[in-house]
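> Residue numbers (UniProt numbering), protein chains in the order written: chain A, 1 to 230; chain B, 1 to 230; chain C, 1 to 312; chain D, 1 to 312.
One or more of the hints may lead you astray.
Okay, derived cross-link-like pairs now, DSS-like style, lysine-lysine, Cα gap no bigger than 27 Å in a straight line [said to hold, decoys possible]: (1) B/K3 with A/K13; (2) B/K171 with C/K213; (3) B/K207 with C/K213; (4) A/K193 with D/K215; (5) B/K207 with B/K135; (6) B/K207 with C/K38.
One-sided excerpt, in silico: chain C residues whose CB lies under 8 Å from chain B [what the hints assert, rightly or not]: (7) A9; (8) D287; (9) Q298.
Calculated from the structure, these hints are not laboratory results.
None of these values were measured; they are calculated from a predicted model.
Cβ atoms here follow ideal geometry from the backbone N, Cα and C, with glycine treated the same way.
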Amino acid sequence: MAKVISNMHLNEKVGLLEVECDRGGKPGQFYMLRAWDTYPLLPRPISIFDCTDHSIRFLYLVVGEGTRRLYQLRAGDNLMLEGPFGNGFPELSGKIALIGGGIGIAPFYYAAKQYENADVYLGFSDQPYLVEEFKQVSSSVTVDVGGTILDTISFSDYDHVIACGPEGMLKAVQAKQAAEQTDANVYVSLENKMACGVGACLACSTKHKTGRKKTCTDGPVFRAEEVSFV
Amino acid sequence: MAKVISNMHLNEKVGLLEVECDRGGKPGQFYMLRAWDTYPLLPRPISIFDCTDHSIRFLYLVVGEGTRRLYQLRAGDNLMLEGPFGNGFPELSGKIALIGGGIGIAPFYYAAKQYENADVYLGFSDQPYLVEEFKQVSSSVTVDVGGTILDTISFSDYDHVIACGPEGMLKAVQAKQAAEQTDANVYVSLENKMACGVGACLACSTKHKTGRKKTCTDGPVFRAEEVSFV
Amino acid sequence: MIDLSCNIAGISFKNPIVMASGTFGFGREYSGFYDINKLGGFVGKGLTLQPKEGNNGTRMAETAAGMMNSIGLENPGIHAFLTQESAYWQSLDTVRIVNLGGGTLEDYRAGAELIQEHEQRIRKDTGRSSIDMIELNISCPNVKEGGMAFGIQTDAARHVVRAVRNKTSLPLIVKLSPGAENLAEMAIMCEHEGADALSLINTISAMKIDIRKRKSVFEHGYAGLSGPAIKPIALRMVHQVAHAVTLPIIGMGGITTADDVIEFIMAGADAVQVGTANFINLRTGPDLIEGVTAWMEQEGVQSLDEIRGIIS
Amino acid sequence: MIDLSCNIAGISFKNPIVMASGTFGFGREYSGFYDINKLGGFVGKGLTLQPKEGNNGTRMAETAAGMMNSIGLENPGIHAFLTQESAYWQSLDTVRIVNLGGGTLEDYRAGAELIQEHEQRIRKDTGRSSIDMIELNISCPNVKEGGMAFGIQTDAARHVVRAVRNKTSLPLIVKLSPGAENLAEMAIMCEHEGADALSLINTISAMKIDIRKRKSVFEHGYAGLSGPAIKPIALRMVHQVAHAVTLPIIGMGGITTADDVIEFIMAGADAVQVGTANFINLRTGPDLIEGVTAWMEQEGVQSLDEIRGIIS
Ligand SMILES: Cc1cc2nc3c(=O)[nH]c(=O)nc-3n(C[C@H](O)[C@H](O)[C@H](O)COP(=O)(O)OP(=O)(O)OC[C@H]3O[C@@H](n4cnc5c(N)ncnc54)[C@H](O)[C@@H]3O)c2cc1C
Ligand SMILES: Cc1cc2nc3c(=O)[nH]c(=O)nc-3n(C[C@H](O)[C@H](O)[C@H](O)COP(=O)(O)OP(=O)(O)OC[C@H]3O[C@@H](n4cnc5c(N)ncnc54)[C@H](O)[C@@H]3O)c2cc1C
Ligand SMILES: Cc1cc2nc3c(=O)[nH]c(=O)nc-3n(C[C@H](O)[C@H](O)[C@H](O)COP(=O)(O)O)c2cc1C
Ligand SMILES: Cc1cc2nc3c(=O)[nH]c(=O)nc-3n(C[C@H](O)[C@H](O)[C@H](O)COP(=O)(O)O)c2cc1C
Ligand code: FES
Ligand code: FES
Numbered sequence: 001m002a003k004v005i006s007n008m009h010l011n012e013k014v015g016l017l018e019v020e021c022d023r024g025g026k027p028g029q030f031y032m033l034r035a036w037d038t039y040p041l042l043p044r045p046i047s048i049f050d051c052t053d054h055s056i057r058f059l060y061l062v063v064g065e066g067t068r069r070l071y072q073l074r075a076g077d078n079l080m081l082e083g084p085f086g087n088g089f090p091e092l093s094g095k096i097a098l099i100g101g102g103i104g105i106a107p108f109y110y111a112a113k114q115y116e117n118a119d120v121y122l123g124f125s126d127q128p129y130l131v132e133e134f135k136q137v138s139s140s141v142t143v144d145v146g147g148t149i150l151d152t153i154s155f156s157d158y159d160h161v162i163a164c165g166p167e168g169m170l171k172a173v174q175a176k177q178a179a180e181q182t183d184a185n186v187y188v189s190l191e192n193k194m195a196c197g198v199g200a201c202l203a204c205s206t207k208h209k210t211g212r213k214k215t216c217t218d219g220p221v222f223r224a225e226e227v228s229f230v
Numbered sequence: 001m002a003k004v005i006s007n008m009h010l011n012e013k014v015g016l017l018e019v020e021c022d023r024g025g026k027p028g029q030f031y032m033l034r035a036w037d038t039y040p041l042l043p044r045p046i047s048i049f050d051c052t053d054h055s056i057r058f059l060y061l062v063v064g065e066g067t068r069r070l071y072q073l074r075a076g077d078n079l080m081l082e083g084p085f086g087n088g089f090p091e092l093s094g095k096i097a098l099i100g101g102g103i104g105i106a107p108f109y110y111a112a113k114q115y116e117n118a119d120v121y122l123g124f125s126d127q128p129y130l131v132e133e134f135k136q137v138s139s140s141v142t143v144d145v146g147g148t149i150l151d152t153i154s155f156s157d158y159d160h161v162i163a164c165g166p167e168g169m170l171k172a173v174q175a176k177q178a179a180e181q182t183d184a185n186v187y188v189s190l191e192n193k194m195a196c197g198v199g200a201c202l203a204c205s206t207k208h209k210t211g212r213k214k215t216c217t218d219g220p221v222f223r224a225e226e227v228s229f230v
Numbered sequence: 001m002i003d004l005s006c007n008i009a010g011i012s013f014k015n016p017i018v019m020a021s022g023t024f025g026f027g028r029e030y031s032g033f034y035d036i037n038k039l040g041g042f043v044g045k046g047l048t049l050q051p052k053e054g055n056n057g058t059r060m061a062e063t064a065a066g067m068m069n070s071i072g073l074e075n076p077g078i079h080a081f082l083t084q085e086s087a088y089w090q091s092l093d094t095v096r097i098v099n100l101g102g103g104t105l106e107d108y109r110a111g112a113e114l115i116q117e118h119e120q121r122i123r124k125d126t127g128r129s130s131i132d133m134i135e136l137n138i139s140c141p142n143v144k145e146g147g148m149a150f151g152i153q154t155d156a157a158r159h160v161v162r163a164v165r166n167k168t169s170l171p172l173i174v175k176l177s178p179g180a181e182n183l184a185e186m187a188i189m190c191e192h193e194g195a196d197a198l199s200l201i202n203t204i205s206a207m208k209i210d211i212r213k214r215k216s217v218f219e220h221g222y223a224g225l226s227g228p229a230i231k232p233i234a235l236r237m238v239h240q241v242a243h244a245v246t247l248p249i250i251g252m253g254g255i256t257t258a259d260d261v262i263e264f265i266m267a268g269a270d271a272v273q274v275g276t277a278n279f280i281n282l283r284t285g286p287d288l289i290e291g292v293t294a295w296m297e298q299e300g301v302q303s304l305d306e307i308r309g310i311i312s
Numbered sequence: 001m002i003d004l005s006c007n008i009a010g011i012s013f014k015n016p017i018v019m020a021s022g023t024f025g026f027g028r029e030y031s032g033f034y035d036i037n038k039l040g041g042f043v044g045k046g047l048t049l050q051p052k053e054g055n056n057g058t059r060m061a062e063t064a065a066g067m068m069n070s071i072g073l074e075n076p077g078i079h080a081f082l083t084q085e086s087a088y089w090q091s092l093d094t095v096r097i098v099n100l101g102g103g104t105l106e107d108y109r110a111g112a113e114l115i116q117e118h119e120q121r122i123r124k125d126t127g128r129s130s131i132d133m134i135e136l137n138i139s140c141p142n143v144k145e146g147g148m149a150f151g152i153q154t155d156a157a158r159h160v161v162r163a164v165r166n167k168t169s170l171p172l173i174v175k176l177s178p179g180a181e182n183l184a185e186m187a188i189m190c191e192h193e194g195a196d197a198l199s200l201i202n203t204i205s206a207m208k209i210d211i212r213k214r215k216s217v218f219e220h221g222y223a224g225l226s227g228p229a230i231k232p233i234a235l236r237m238v239h240q241v242a243h244a245v246t247l248p249i250i251g252m253g254g255i256t257t258a259d260d261v262i263e264f265i266m267a268g269a270d271a272v273q274v275g276t277a278n279f280i281n282l283r284t285g286p287d288l289i290e291g292v293t294a295w296m297e298q299e300g301v302q303s304l305d306e307i308r309g310i311i312s
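Chain A on its own, in the form it takes in the complex:
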């Protein structure tokens, strides 16, 4: 059980939830959240947006029943929290690009705070949010609204590229990596439906070029070239 510290509504669909929790985690890791009794049945995986010694923040987009309930939380409410789960982003040095599409920007605030030299690219379909906050953790924040954020980036300018966003965007990242024939290490963070979150159920298992991988424990962060998108 964890207590809600605050739940800020950034717009009608996006919220930033802060909860009491001292379990921390690495950038790119996620928690399983449950803010309801019986419906929906399962907890929901949400990335760490930011964390301190005694609190974690989650940035979420309302897409269905579970996230709708997150949106309704008020300060003082309780929720169940398990984690941190997943491999998280690798420790990297050199020049890094962090590319978030839509709610896929969520893990990159904490990441930008930790990497020394990371440029942040944020792609929004309409109203952008949290841009000022991102500017406080990265000296280079590029925002695109309604276009394709990928077009503004050359992977070859970077040693490492990490992308998170809708599957279409991640496919485009893979294609771009191939097209640019870049030396940059390109990573993607996947979002598969999960049940257990701990590697026990194989609900999140997906095809990779080296065989099947579990997104929850082998990932969610993978080398882009290894993923087999269908």
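Could you slot chains B, C and D with the ligands onto chain A? The hints should help.
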């Protein structure tokens, strides 16, 4: 949809809910309440405690999931409300005894307001509540805590007796009626599990000496001598 | 123009929303809340030749996203029904379906005969019908006398379907039980025996124990499970049966939203029935009609034929 | 002193809480969260002779109070399992059960043989066991190759049970499918063929349609339903089977609370398995053990024998 005006917690298990509603009703009638999306599945039958042209009050005891959710409602929340349902108490004149056991006191506040000459008997298992309010609508309010309220009453002193409470109490009422060989008309208000509330499903059908009756539409108020308790 | 209508066994329905047997009384019960003539149709409470008191004890209990019932076919008997409800049913402008249950083969046969004679006479005398179709319930799991056995084994069911088919000229829907040993085989048998349509599923046999009393909650041990909990199972069975026969199918089991209706139609149902959802929201009938219409508008679907059975 | 232990086919369980196949990995996955040696036991992910990639596309979807899965028996194959997990399983102090699946009779037979040989050798070499029991899964609804057929018809199942029984000296649990045409008959057959215990139910075949895409959500059309939604059905089936045979029974299907466990025991189960609830709360195992203990204390029940099968 109806809006919650207030929800007063009388103790840790009992609440008094006031909602906006102009559908009114007679004493002894009930509404089907639903203050949740999907769980529990069905609405819950709750008697009219009191009503005005634009609001209804419900007195409820928390016994399970549905009533627990009623308890959590806050002013401004929405709930679904269908009714009024059921026959309600008959129109009576003469001397009337209204006997409530536990949460069975709920329908008698509104009833005492409407009957000219009604004595109210309230049986509580521990802490009594709302006694002062009852005194404002009846000149004779007898309270029993932890005992058997029935023992303090002689049915023969009345033209009409109406009882509502746990099944054990209603059986005792029936037995007392027979034992006293009284001329008083004795009524009981039954609480059967209900699904539809409108006479369509037969979930609430119970044996009476004159055949099966639906508690939701033929009742919930019946002549005591006609009920076949099992 | 969006067209919600459908035709099953020569009977035309304004829309595919039909209220399920046992959850809609004989229609009257909901007529105070909305105009039930808006519905595609409704099925009356299950009837038997003799009046039935039904089961004692607890008749209803909730489960996770479902409910169990053990009404035990309480009903006034066919004769009383025909006497009391005929005039009301005649006054209605929606498809009126009688649900016929029974304990023995002879009950079923005699019941069908009674309905047939009554309907023939009334049509002759008044020029108007009171009953459009018969739904044969071979699957009520609550009756001790053997009602269940008919729904389980194809050969046992065959006798009932044949007997009733021989006694009625009304379009005959056979209502299948999810407890059938072999559902596809059962459906094919019904087709062979001259059923005009199939409906499914009836409730699923289930159990609940009161651990405090150390007793089954229901008098007969088991009771029938319905509601959203069973929807994925019902949908699978409708899909299976739709692929086994060419008969029209009325699908049901847990339908509560317009999306649920569309799922059943896509799985191959011609129309749907709605039971437990009436208890969740007594205006479910008109809400679903509105919801399906809205979905069709939004998706540019003119007729449900465009999506019916689209799932291979 | 409250005694939670039970004995099934000569194997003693500390308590009746066993984690179900496919929901508990090979045990390791939950060992970081609590001491899994507290459990009565656990069943590993279903194994087949050859490694299996499992199904493509969506593998999981939620339903009202339930979930559907179509994992398709992804597993490393029996050989890899034995190589990789034996040492870990040997180190555990809880009942370790292998779940054996298969596409053909020959797969089952060869799989059972492989396990038998390995276990014999390891016991001889180290003096310690790694596997306590085999649970034979004749009922996985997700495998196209025929895994389902075995679970449905008694005669088809008989061959598998017999083949595996002949190849193993480990206690043999047969896991029944809710899709069996005749569950009681299936159970009796297993008893005749020398099974040591029965477990039930596996997931129920179900369907979900993505109405926007106009496609089944799952690659193979149907998928298996589990979770609280199916509990009343599972409980009824456990009760039915407990009355058909004298074999010990491990009941499952939707168990999430201690009260659920008690219901299954009262219906006749010797122990229970818990699947989907692990996903709802990953500490469900210890929570249930605590909950059942608390219930027994409160009710003055010293041993579960006092209430086992108390429902007639
Ligand atoms: C590792 C990981 C990290 C994530 N981080 C975030 C984050 O920081 N912020 C955020 O807003 N979202 C994040 N998501 C996506 C988020 O989990 C889903 O949007 C959410 O589960 C949807 O639940 P729902 O009940 O609102 O929607 P519904 O559509 O009602 O959910 C139905 C089912 O689909 C699953 N589901 C639906 N969409 C997704 C999805 N995109 N990914 C995984 N499962 C899904 C749900 O878990 C549920 O089982 C993350 C997903 C993963 C796997
Ligand atoms: C005509 C009528 C009037 C009522 N008036 C009041 C009232 O004014 N105040 C009040 O507190 N209670 C009243 N009750 C009882 C109230 O309906 C139940 O306490 C309530 O339904 C319990 O729901 P739950 O989810 O909290 O409990 P649960 O025990 O979780 O309910 C489980 C199931 O049992 C049913 N149920 C449980 N207890 C009862 C009961 N005593 N009567 C009917 N169904 C029950 C529920 O509807 C539900 O289906 C009335 C009941 C009836 C029939
Ligand atoms: C209270 C109740 C009574 C029922 N009575 C009958 C009946 O008399 N005859 C019948 O064929 N089906 C009966 N049924 C089954 C329903 O018609 C329907 O097949 C089943 O409930 C599944 O649909 P649902 O999930 O929409 O309720 C009854 C169901 C309920 C809940
Ligand atoms: C994700 C998942 C995977 C499963 N895999 C297997 C399996 O490999 N072998 C098996 O016999 N049962 C398998 N099952 C069935 C469960 O063991 C159990 O029988 C079923 O889920 C019902 O129990 P529950 O409602 O507690 O989950 C699986 C269930 C789930 C949810
Ligand atoms: S979510 Fe269960 S294995 Fe990944
Ligand atoms: S509750 Fe349905 S008939 Fe009374």
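> All hints are to be evaluated individually against the structure, with a verdict given for each.
Checked hints:
| no. | hint | result |
| --- | --- | --- |
| 1 | B/K3 with A/K13 | holds, 24 Å |
| 2 | B/K171 with C/K213 | holds, 20 Å |
| 3 | B/K207 with C/K213 | holds, 22 Å |
| 4 | A/K193 with D/K215 | holds, 18 Å |
| 5 | B/K207 with B/K135 | violated, 36 Å |
| 6 | B/K207 with C/K38 | violated, 35 Å |
| 7 | A9 | violated, 26 Å |
| 8 | D287 | violated, 12 Å |
| 9 | Q298 | violated, 23 Å |
Hint violations for this structure: numbers 5, 6, 7, 8, 9, all remaining hints satisfied.
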